[in-house]
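Visitor: Which chain is which? The protein sequence lines are E and Z, in order.
Going by our numbering, the letters in the first sequence line up with residues 444 to 983, in that order.
Going by our numbering, the letters in the second sequence line up with residues 444 to 983, in that order.
Just so you know, not all the hints are guaranteed correct.
For chains that are exact copies, the list does not tell them apart, and a pair is met inside one copy or across any two.
[Stated by the list, open to error] Calculated cross-link-like contacts (lysine to any residue; reagent style SDA-like; alpha-carbon spacing at most 25 Å):
#1 889 - 868
#2 836 - 853
#3 524 - 867
#4 499 - 578
#5 508 - 447
#6 904 - 469
#7 904 - 721
#8 524 - 463
#9 506 - 496
#10 499 - 707
#11 499 - 812
The set of hints was computed from the structure by calculation and includes no laboratory data.
2 protein chains.
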Amino acid sequence: MTQRIEIYDTTLRDGTQGEGVNFSVSDKCRIAEHLDAFGIDFIEGGWPGSNPRDVKFFERAKKLKLKNARIAAFGSTRRHKLTCDMDSNVQALLRAETPVVTIFGKSWLFHVAHALRLSPADNLEIIEETVDYLSSRVQSVIYDAEHFFDGYRTDPAYALATLRAAAAGGPQCIVLCDTNGGSLPETVGRVTREVREQVALPLGIHCHNDGELAVANTLAAVSAGASHVQGTINGYGERCGNANLCAVIPNLELKLGRDVIGPERLRRLRDTARFVSAIANVSIDTRAAFVGDSAFAHKGGVHVSAVERNPATYEHIAPESVGNNRRVLVSDLAGRANLLAKARQLGIELNDEQDVLNELKRLENEGYEFEAAEASFELLISRLRGSYRPFFKLLGFRVIDEHRGALMPMSEATVKVMVGDRIEHTAASGNGPVNALDKALRNALKEFYPSLTEMHLVDYKVRVISSNLSGTASLVRVLIYSGDGRTRWGTVGVSANIVEASWQALVESVAHKLISDGVVPPCDELQIHDTNNSLKGAIG
Amino acid sequence: MTQRIEIYDTTLRDGTQGEGVNFSVSDKCRIAEHLDAFGIDFIEGGWPGSNPRDVKFFERAKKLKLKNARIAAFGSTRRHKLTCDMDSNVQALLRAETPVVTIFGKSWLFHVAHALRLSPADNLEIIEETVDYLSSRVQSVIYDAEHFFDGYRTDPAYALATLRAAAAGGPQCIVLCDTNGGSLPETVGRVTREVREQVALPLGIHCHNDGELAVANTLAAVSAGASHVQGTINGYGERCGNANLCAVIPNLELKLGRDVIGPERLRRLRDTARFVSAIANVSIDTRAAFVGDSAFAHKGGVHVSAVERNPATYEHIAPESVGNNRRVLVSDLAGRANLLAKARQLGIELNDEQDVLNELKRLENEGYEFEAAEASFELLISRLRGSYRPFFKLLGFRVIDEHRGALMPMSEATVKVMVGDRIEHTAASGNGPVNALDKALRNALKEFYPSLTEMHLVDYKVRVISSNLSGTASLVRVLIYSGDGRTRWGTVGVSANIVEASWQALVESVAHKLISDGVVPPCDELQIHDTNNSLKGAIG
Numbered sequence: 444m445t446q447r448i449e450i451y452d453t454t455l456r457d458g459t460q461g462e463g464v465n466f467s468v469s470d471k472c473r474i475a476e477h478l479d480a481f482g483i484d485f486i487e488g489g490w491p492g493s494n495p496r497d498v499k500f501f502e503r504a505k506k507l508k509l510k511n512a513r514i515a516a517f518g519s520t521r522r523h524k525l526t527c528d529m530d531s532n533v534q535a536l537l538r539a540e541t542p543v544v545t546i547f548g549k550s551w552l553f554h555v556a557h558a559l560r561l562s563p564a565d566n567l568e569i570i571e572e573t574v575d576y577l578s579s580r581v582q583s584v585i586y587d588a589e590h591f592f593d594g595y596r597t598d599p600a601y602a603l604a605t606l607r608a609a610a611a612g613g614p615q616c617i618v619l620c621d622t623n624g625g626s627l628p629e630t631v632g633r634v635t636r637e638v639r640e641q642v643a644l645p646l647g648i649h650c651h652n653d654g655e656l657a658v659a660n661t662l663a664a665v666s667a668g669a670s671h672v673q674g675t676i677n678g679y680g681e682r683c684g685n686a687n688l689c690a691v692i693p694n695l696e697l698k699l700g701r702d703v704i705g706p707e708r709l710r711r712l713r714d715t716a717r718f719v720s721a722i723a724n725v726s727i728d729t730r731a732a733f734v735g736d737s738a739f740a741h742k743g744g745v746h747v748s749a750v751e752r753n754p755a756t757y758e759h760i761a762p763e764s765v766g767n768n769r770r771v772l773v774s775d776l777a778g779r780a781n782l783l784a785k786a787r788q789l790g791i792e793l794n795d796e797q798d799v800l801n802e803l804k805r806l807e808n809e810g811y812e813f814e815a816a817e818a819s820f821e822l823l824i825s826r827l828r829g830s831y832r833p834f835f836k837l838l839g840f841r842v843i844d845e846h847r848g849a850l851m852p853m854s855e856a857t858v859k860v861m862v863g864d865r866i867e868h869t870a871a872s873g874n875g876p877v878n879a880l881d882k883a884l885r886n887a888l889k890e891f892y893p894s895l896t897e898m899h900l901v902d903y904k905v906r907v908i909s910s911n912l913s914g915t916a917s918l919v920r921v922l923i924y925s926g927d928g929r930t931r932w933g934t935v936g937v938s939a940n941i942v943e944a945s946w947q948a949l950v951e952s953v954a955h956k957l958i959s960d961g962v963v964p965p966c967d968e969l970q971i972h973d974t975n976n977s978l979k980g981a982i983g
Numbered sequence: 444m445t446q447r448i449e450i451y452d453t454t455l456r457d458g459t460q461g462e463g464v465n466f467s468v469s470d471k472c473r474i475a476e477h478l479d480a481f482g483i484d485f486i487e488g489g490w491p492g493s494n495p496r497d498v499k500f501f502e503r504a505k506k507l508k509l510k511n512a513r514i515a516a517f518g519s520t521r522r523h524k525l526t527c528d529m530d531s532n533v534q535a536l537l538r539a540e541t542p543v544v545t546i547f548g549k550s551w552l553f554h555v556a557h558a559l560r561l562s563p564a565d566n567l568e569i570i571e572e573t574v575d576y577l578s579s580r581v582q583s584v585i586y587d588a589e590h591f592f593d594g595y596r597t598d599p600a601y602a603l604a605t606l607r608a609a610a611a612g613g614p615q616c617i618v619l620c621d622t623n624g625g626s627l628p629e630t631v632g633r634v635t636r637e638v639r640e641q642v643a644l645p646l647g648i649h650c651h652n653d654g655e656l657a658v659a660n661t662l663a664a665v666s667a668g669a670s671h672v673q674g675t676i677n678g679y680g681e682r683c684g685n686a687n688l689c690a691v692i693p694n695l696e697l698k699l700g701r702d703v704i705g706p707e708r709l710r711r712l713r714d715t716a717r718f719v720s721a722i723a724n725v726s727i728d729t730r731a732a733f734v735g736d737s738a739f740a741h742k743g744g745v746h747v748s749a750v751e752r753n754p755a756t757y758e759h760i761a762p763e764s765v766g767n768n769r770r771v772l773v774s775d776l777a778g779r780a781n782l783l784a785k786a787r788q789l790g791i792e793l794n795d796e797q798d799v800l801n802e803l804k805r806l807e808n809e810g811y812e813f814e815a816a817e818a819s820f821e822l823l824i825s826r827l828r829g830s831y832r833p834f835f836k837l838l839g840f841r842v843i844d845e846h847r848g849a850l851m852p853m854s855e856a857t858v859k860v861m862v863g864d865r866i867e868h869t870a871a872s873g874n875g876p877v878n879a880l881d882k883a884l885r886n887a888l889k890e891f892y893p894s895l896t897e898m899h900l901v902d903y904k905v906r907v908i909s910s911n912l913s914g915t916a917s918l919v920r921v922l923i924y925s926g927d928g929r930t931r932w933g934t935v936g937v938s939a940n941i942v943e944a945s946w947q948a949l950v951e952s953v954a955h956k957l958i959s960d961g962v963v964p965p966c967d968e969l970q971i972h973d974t975n976n977s978l979k980g981a982i983g
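Same shape as in the complex, but just chain E (with noise of 0.2 Å):
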């Protein structure tokens, strides 16, 4: 039971048949490298024989210069009626020169009939030459039974005999594919503890999530007796996925005892996910398992009370062993322990300040939400015990949105600020009016915020609240979310106009911005004279 679990990642390959994930060849490489820190063992990095720019990705891949990882190349058993020295599929994996070379062959007769178009007995000799063939010629050959499950259920006899015909080849390790993604955890255990009767080499296995089971199936197998397990960083994949390499490793890890990172390395999986999900640019839900920004949030008053006094009480494993983190979030509800924890987590004490927490029950029930706006709630609580001092004043806005006729709309917004003693007035033009907003008010403040170029909108979120009867006079809750290529932050604004709830979140992010650089306000006079009208009524 303490035999050691070998990750297979297949995010550069499989990853990239979801839809809307693609990487450049530099991309992957920094993926690969990222990946290889990890800890990860195989990193399969593309099909050479079906992909142009993957025959460029192992060229670079030589000169990568990795610690743990071995880079495999991936293809398909040779063609009917071909040599594999006349098989250009075949040749490109040779040319791949990658230390590992993957070979996919058919395990299932409905798909040899229909797909291949072969007879059962072609495509077992074709499976055993082509292993035969690499094995020979490549440091080590893995070979991936597609569709075994499949196979195995509709004829159990030839779905094993085709991996007899591999392991005639000599691969280094059989790999168990539930290739349409529909197998159950109970089937995926048996047929592995089966098969392992069967064959005597190592086995593997590689699940797809069609039946939001992806993760399970692989436990199973693991169970079963698997050592070798395939799967992408944040599950990406062909239709509903692959099998989530960022939930498989934590629960191999720390629920079945498994040596498969080490605990060091685990410390980085939620900083691994983000990396890739930012190359991907394919944001990382907010539930994922271990690694969502939710994943131990806690939002209901009871679970935030308890989690206070002891963390297991609603929490199965440690934030801190993934590299997540504790959030408690501040909602209607929760009650005043939420948002004691929450200020504490911030770093701020709350104890006995009753006008604080008041205003801040105030302002939820009006329909500010801080759970995404750590930064509204962190400049909140400055603004309520006077120890905030406004960057700028603003002596006004106006943005215009006009339609002319056939013409496209277009918007564009005035700002006039005063910072300091200097007044700034300046106008922008948008595709909207927040966008035009927006630059109005960076173009007024860059000249004495230039750190504010560094800035710039991450997310924008639009809620209408409390939507009764009026319609539009209902209030609006914008959430935007701001980066500088260093952190992000969320921040919040409320009103019946959504041009003014854009206007008091876009407010707020440039202030956090300007607080977390040590940028210090130009004039304290100002701070009694403030009238940005963010989160007006905290201010008075």
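Take the given structure of chain E and dock chain Z to it, following the hints.
Guide: For chain Z alone, coordinates are given in the frame of chain E:
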């Protein structure tokens, strides 16, 4: 093995513990009606003792005409040293007047000691007494054994004692909860089996997804004999969410062969997932099993050609069985069946109209979403067929949002339209740009179309789509629900500019109202000058 599995949905209670998921009372009512039609057995509406908004929902819920589902109110066992008669939480459950009450109690000694600070014996007494008290006053009581699997792991005898205490109170069903979401399927299956031998009542299962195993854990419990399943639509819920009913239900029906909602209703699975996500204003992961846009999308060339020959080569189930569609990402064949079905639903036959289909696909790719905007869909089809006659011609609009110093911001809109041969130029102010625009448009038109005064906006939703990098430069989709006291209808607009997107949806809403009222546009020649720019791409 053919026992029917009951579904208990807690989207409206546990689902709202999820970060970013909030529902108004009327949102909850709409979701409850939809879940009822979908075939859900129990709908947990909220926690009346902890949240005043939930009390309002239970008042409104009494008037809902549900066909299948029974509404449940949720709450905790009575507090220590109080009788049930004195406990405000227990009394709030009775005041909710629901046919079902679900009560949770503690199974884990660690929690009894650390969260409740009670003796083990007191906890047992509290459980039995509360269940007993409610059982004699409510149609049916369900007992949720919170943290059951953690409790059973550390002290099986005590965990079972809590179930016996609950059973003595006479509930309909006892639900084993994996509250912290960290259990493995093997454990859940084994423990459920062991409990079944000890407890004679029907068992239920309630899982959380902290290990990305909630669906597998739920299935393991059902295989071990549980007949009642709790979860949420789209897996919303605290931290990593609850067991996702959109994966649990089809797995039970299609993989385990259990009778749940039946094949007919199962075809509404994707529609249900999208309905709830639209109201929650949280987009569905494109990779979501069964219901995601990518769940049956084929990108790889090998896969595509095989699927074209026989879908079972790379699909674990028929997409139609869950109301989803095959999509071939490299071709534009996708979604045809979906569109035809949608049109048919609205009484429009679209058989061979390739132009119409292509245009619909193009608009959906641009970000239009017609699921909640049937009125726009109908208008679009009549536009594409050339049978739409506009009610006015837009000559221009302008919206000014102004914020001067300490004054409150205000918005003013001007609208200039031509109706027949008359030009109307009106202005209106409002508390936001959309409100002002809506008023100005209806001011301009009411003289010609008096029935527009009956109309009002019911709801307004904004979603930023394709939010990649540039923040506010992303597209904005606006959904508007309007009503006239008799019916309600939804319209959609998409633009980089939120004011423009809102304008499109407003114009469509007005057009739908006038067509429904049988109003005839004033002058045919307008058709060729249609520049209201709504669904611009469709007009050409």
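Visitor: Now tell me if each hint is right for this structure.
Guide: Comparing the hints with the structure gives:
1. Proximity of residue 889 to residue 868 under the C-alpha cut-off of 25 Å is restricted to the intra-copy arrangement: shortest distance 12 Å within a copy versus 40 Å between copies.
2. In the homo-oligomer, the alpha carbons of residue 836 and residue 853 lie at most 25 Å apart only across protomers (19 Å), although the nearest pairing inside one protomer, at 27 Å, exceeds that limit.
3. Taking the shortest alpha-carbon separations for residue 524 and residue 867, neither the intra-copy value of 72 Å nor the inter-copy value of 65 Å comes in at or below 25 Å.
4. With identical chains, the CA atoms of residue 499 and residue 578 are at most 25 Å apart within one copy only, with a shortest distance of 24 Å there and 70 Å across copies.
5. In this assembly of identical chains, residue 508 and residue 447 lie within 25 Å of each other by CA distance solely inside one copy; the values are 24 Å within and 58 Å between copies.
6. When the C-alpha separation of residue 904 and residue 469 is checked against a cutoff of 25 Å, the pair qualifies both within a copy, at 14 Å, and between copies, at 22 Å.
7. Taking identical chains as interchangeable, the C-alpha atoms of residue 904 and residue 721 lie at most 25 Å apart whether they share a chain (9 Å) or sit on different chains (14 Å).
8. For the homomeric pair residue 524 and residue 463, neither the shortest alpha-carbon distance inside one copy (36 Å) nor that between copies (58 Å) is at most 25 Å.
9. Taking the shortest alpha-carbon separations for residue 506 and residue 496, only the intra-copy value of 17 Å comes in at or below 25 Å, while the best inter-copy value is 61 Å.
10. With identical chains, the CA atoms of residue 499 and residue 707 are never at most 25 Å apart, being 33 Å at best within one copy and 50 Å at best between copies.
11. In this homomeric assembly, residue 499 and residue 812 come within 25 Å of each other (Cα to Cα) only across copies, at 21 Å, whereas the closest approach inside a single copy is 31 Å.
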